[in-house]
Amino acid sequence: MSQLWSSSGPRLTGFLCVLLVVSAHASRDAGDPHHQNSSTTHRKAFPVLSFNYDHVKTPFEISLWILLALLMKLGFHIIPRVSSIVLESCLLIVVGLLIGGIIKAIKQTAPVLDSKLFFLYLLPPIILDAGYFLPIRPFTENMGTILVFAVVGTLWNAAFIGGMMYGVCQIEGAQLGHVDLLSCLLFGAIISAVDPVAVLAVFEEIHINELLYILVFGESLLNDAVTVVLYHLFEEFSHAGIVTVGDAFLGVVCFFVVSLGGVMVGTIYGILGAFTSRFTSHTRVIEPLFVFLYSYMAYLSAEVFHLSGIMSLIACGVTMRPYVEANISHKSYTTIKYFLKMWSSVSETLIFIFLGVSTVAGPHAWNWTFVIFTVILCLVSRVLGVMGLTYIINKFRIVKLTKKDQFIVAYGGLRGAIAFSLGFLLTNNEMKNMFLTAIITVIFFTVFVQGMTIRPLVELLAVKKKEESKTSINEEIHTQFLDHLLTGIEDICGHYGHHHWKDKYDAYVKRWLIVGERSTEPQLISFYNKMEMKQAMMLVESGSAAKLPTLMSAATLQNIQQKGVPSRRAIPSISKSREEEIRKILRANLQKTRQKLYSYRRHDLVMDPFEDNVSEIRFRRQRAEMEKRMSHYLTVPANRQETPSVRKVCFEPENKVYTYDDSESPRGRAAQPSPRLPDAISLLSKSPQRPNQTSALRAKGSTELRAKAPDEQEEQDQVKLSRCFSDPGPNEEEEEDGSFLS
Amino acid sequence: MGASQTHSAYKYQDLMTKTGFSLEQIKNLHYRFRQLSENNETLSRENLENIKDLADNPIKKQIVEAFFDKRNQHQNEMGSFEEIGFEQFVMVMSHFRPPTPKMTEEEKLAMRKDKLHFLFNMHDSDNDGKITLEEYRKVVEELLSMSGDIEKDTARGIADAAMLEVASTNVPNMGPDDYYEGITFEHFEQMFKEVEMESRMHVRFLDVDTRTIHCGSSTS
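Heads up: the protein sequence lines correspond to chains A and B, in order.
At position 55 of the first sequence (counting the first as 1) the number is 98 in this note's numbering, and the numbers step up by one without a gap.
At position 192 of the second sequence (counting the first as 1) the number is 314 in this note's numbering, and the numbers step up by one without a gap.
Source of the hints: derived by calculation from the structure; they are not laboratory data.
A portion of the hints provided could be inaccurate.
[As the list claims (entries may be wrong)] Residues of chain B clear of chain A, computed beta-carbon distances all greater than 12 Å:
(1) Asn179
(2) Glu199
(3) Ser202
(4) Ala232
(5) Glu320
[Claimed, not checked] Cut-off 25 Å, straight-line C-alpha distance, at most; resulting in silico cross-link-like pairs (SDA-like, lysine to any residue):
(6) B:Lys182 to A:Asp549
(7) A:Lys547 to B:Gly142
(8) B:Lys182 to A:Val552
(9) B:Lys182 to A:Asp526
(10) A:Lys507 to A:Leu224
(11) A:Lys443 to B:Gly142
(12) A:Lys507 to B:Gly142
[Unchecked claim] Just so you have them, the derived chain A footprint on chain B, three or more residues with Cβ under 8 Å:
(13) 137 to 147
(14) 160 to 169
(15) 209 to 221
(16) 259 to 267
(17) 274 to 287
(18) 308 to 317
The C-beta atom is built at its ideal place from N, Cα and C for all residues, glycine as well.
Same shape as in the complex, but just chain B:
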């Protein structure tokens, strides 16, 4: 990678400022990106879906989809990519950084909102800004999909109950004819007001170069 060293160094700087990762972390992520994409420049859905460990994950599809979702790129676009480059990959990963001790209150709030938006986008598949009952049902069904022979009605029941709860807490005085369209982002945020999202939703990113460790068994 000699010739493009300076080029990637420049790109790394850019990414560091945009996402807040350290240089080491970005390098490690780049290494992983190349591993996953089999040394191509872009990553496709199949690359991600072929990860063995993901096979048991009930929400695999949503996770993969989230990487290709344009809304997670902070550029106010909608729709989805067919393939993503390293930049987009890192952008999505940046949603899972833990808060640093030096962050101010506003930065923490912004990070929290960011993470909640990520979650929201995962549920709101038709991009209309609301999680409708259908979409919520789908979420619950996916969650339960790996767990044996679950009746469809159960998933529905759970989703309905959850939806009812959101409706009741947020719009307390609904008349019998009112229609609750779907969970908006504000209501979604409300659900998590007790939860410290900024610390819960994070993954430890490696600071150490994993190339020196046998791949597949690296631990943080």
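Chain A on its own, in the form it takes in the complex:
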């Protein structure tokens, strides 16, 4: 089967290439038939079929390109061996080269990676995706290091490369005498910046540990400000010809304006976005659009003033995210996540392909000395810069950077399309072609050589990989606990450290930006609910006890219950009827409910079990499993007071997630030991005071199914069936929003 695909893949793409070429041809003489028709004297037959390519030319070609790019991507992943050896970005560049070659061979003009196209359309999705899902904690913890690398490191690179290249240009015999210092510095500025697109493309495949990833990636994001300033600075100067001290000083001021201004613009838009999301409860469908548009506006607004658009975009995403996620619906969150991933994936693919095409197409001026020295100097300056800076940084860090870390950071400094586009933007520069050639060579070198060898090197050096650990509830509890503890100790010490300020900030800002009572809900609860729901979904999806998440392996609640607490009435086991009742209720839950859920982070997209197309067979299977499990847990040994149904954690989640309608659950007769025993897990009945709701019910506050023995009030079954989310937010928008479990 895969062979079929792999053979049809290239064939299909070949076909598309031909189509592309044909369309390029056709565009030239598409206009004629119409004219002919109108100018002929004798009457022609009514044209049943006509050919008008001009009409759809632009969208057609764009779509064709994108389709081609995606088919390529598809093809690579189907052929397993290739994708494990060669990096995807390398393959894409090669494809681009091929296509460029084909187009050139038939003497067409190839689309080049136009800077406007790149900066306005291709780059923002990637950056937004990166910024929105940026892991905040490691980022802020390492902020100092990242900033030093980004600012000082890039400046050093630019100065070193620019200066040394000028020295190289003075060498006799290189025919480079016409390159002046400012041009060299400009070139240095362009080539010195680590590129986020390339870094993302490469690092994503090697699964390196979080610290290194955030260091390199953070640096690539934040150095944009430096690059922007240096680029404009040197471009201005190279036209003016001379540099004064005043200009240099203005340059420094400009840097601060550019970076801080960018961040400020981004933050403003982020807050606007967060605030807007507070009111979207009635129009869930357009929620994702707000996120995208506000972010894009942030980017464009920053670009208007020549501020750093990338930093603006990152600031917007980072600011917006926690509040938006608390406010929007689950489906919107999933939509945002998938659209961002999709766009960034398409962008990345297109960028690399265009890079290849531009390489073949562009005018080149190859100068051996220049190019070779550029490549060498890039490497040298990167290594020197990283080593020198790490030496200084390690004095201030608690967790030091080892030699291995330094190597990876240095080696991971890839250049990419941003450098190319900046080079392309150069105007009036006679060295432009030479520069472009050199830039492309460096990019190829870093992506191909460094990109492909970094994976075996990582293995060789045994660099710590990313741990795929799920955060456990214990860790979450203790993270919170520690936060509060440290804040408390800081308060006792009397000085306001960053814990204190963070606390205050959280308390005030959240009130404005998060809807309703969700702002006061502690993180622990939302984490717990998230976790429960995730497990519930896994349970429903898998339907088999074998795949139960590790959280509930062998231990049951019985194991941790307090022994020997006397029960008022010793109940040997749950009566049959009680069991039956429990079963009925739980079964009803599984089939019926809809509930509005919070949006969750990192949620796996699980099929909604309640959609109509879930097969009956599947349901029956699930039910059978459930029955089996229930019978296992429902038998209660003599002295334990326990829990009929539940391994509370295991079972409960299923039912916690689903609310059930007003089951007038017949009050069972079985009694449980007194509620004094705090963790008697009881079957809670919907408390009578709660207002009755429609059958597509969602719970507000806690729903309790209390099955009281009609005459014995003090014994209450307390199987907690659903502690549903205290979702006080805007209400049962049952139909319109995605209150599906999906």
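Using the hints provided, position chain B relative to the given structure of chain A.
Coordinates of chain B only, in the frame set by chain A:
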């Protein structure tokens, strides 16, 4: 403080060796101690509880209690004090020092264990060496206490789930009749094996004399 200058200098030396703080830091802490205790020799629970900023802290009680807990004094005693002196105050604070670059691996491990013990003691209120389900529930309840109208059952649910997790990871093959008594210190340590406790659990102590800065707004 002229007459007792030499006396306190001697005490400071002693404290420095015991806790590892620098002289400046100890002086600053002493100044703060005097501020909190209203110039008395000892600090009582009320003094700490009256700190305004602590009012919003959900685990205020545990934190205050930790200062008066004899187990945190490294002297193998149990129980709690009624009032503490400056020495005890500094001893408790010393649990929050960051690791210094010159520490050896064993020292780092010892510090980590120390900090984990501190945390453990905060949870294990009845001093029996285990965190039972009751105690854990109490911890979670306290954590959630400031957050509005939380159902008691939620806290219980969370604590139960957490306890189950510890039980499952540490005693993987429990039969249905086994009873998991509580989280021992080893299991507690296990919970944190991924976390770099020695660097996470620290507070920046001032090296600069805060008397020159307007009190209440000092920043590190």
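Structure-based check of all given hints:
1. Asn179: Given that some Cβ of chain A is not farther than 12 Å from that of asparagine 179 of chain B, nearest at about 5 Å, it is violated.
2. Glu199: 22 Å, holds
3. Ser202: 17 Å, holds
4. Ala232: 17 Å, holds
5. Glu320: Glutamate 320 of chain B not clear of chain A: closest Cβ-Cβ about 9 Å, inside 12 Å.
6. B:Lys182 to A:Asp549: Holds: lysine 182 of chain B and aspartate 549 of chain A sit about 18 Å apart, inside 25 Å.
7. A:Lys547 to B:Gly142: Answer violated: lysine 547 of chain A to glycine 142 of chain B is near 31 Å, above 25 Å.
8. B:Lys182 to A:Val552: Since the Cα atoms of lysine 182 of chain B and valine 552 of chain A sit roughly 23 Å apart, the hinted pair holds (cutoff 25 Å).
9. B:Lys182 to A:Asp526: Answer holds: lysine 182 of chain B to aspartate 526 of chain A is near 12 Å, not above 25 Å.
10. A:Lys507 to A:Leu224: Not satisfied, since the Cα-Cα distance of roughly 43 Å exceeds 25 Å.
11. A:Lys443 to B:Gly142: Cα-Cα ~21 Å, so holds.
12. A:Lys507 to B:Gly142: 32 Å, violated
13. 137 to 147: This one is violated; 0 residues, fewer than the three required, reach chain A with a Cβ under 8 Å.
14. 160 to 169: violated (count 0)
15. 209 to 221: holds (count 4)
16. 259 to 267: Answer holds; 5 residues pass the 8 Å Cβ test.
17. 274 to 287: holds (count 11)
18. 308 to 317: It holds: at least three residues are needed, and the stretch 308 to 317 of chain B offers 4 whose Cβ sits within less than 8 Å of chain A.
Hints 1, 5, 7, 10, 12, 13 and 14 from the earlier list are contradicted by this structure; the remaining hints agree with it.
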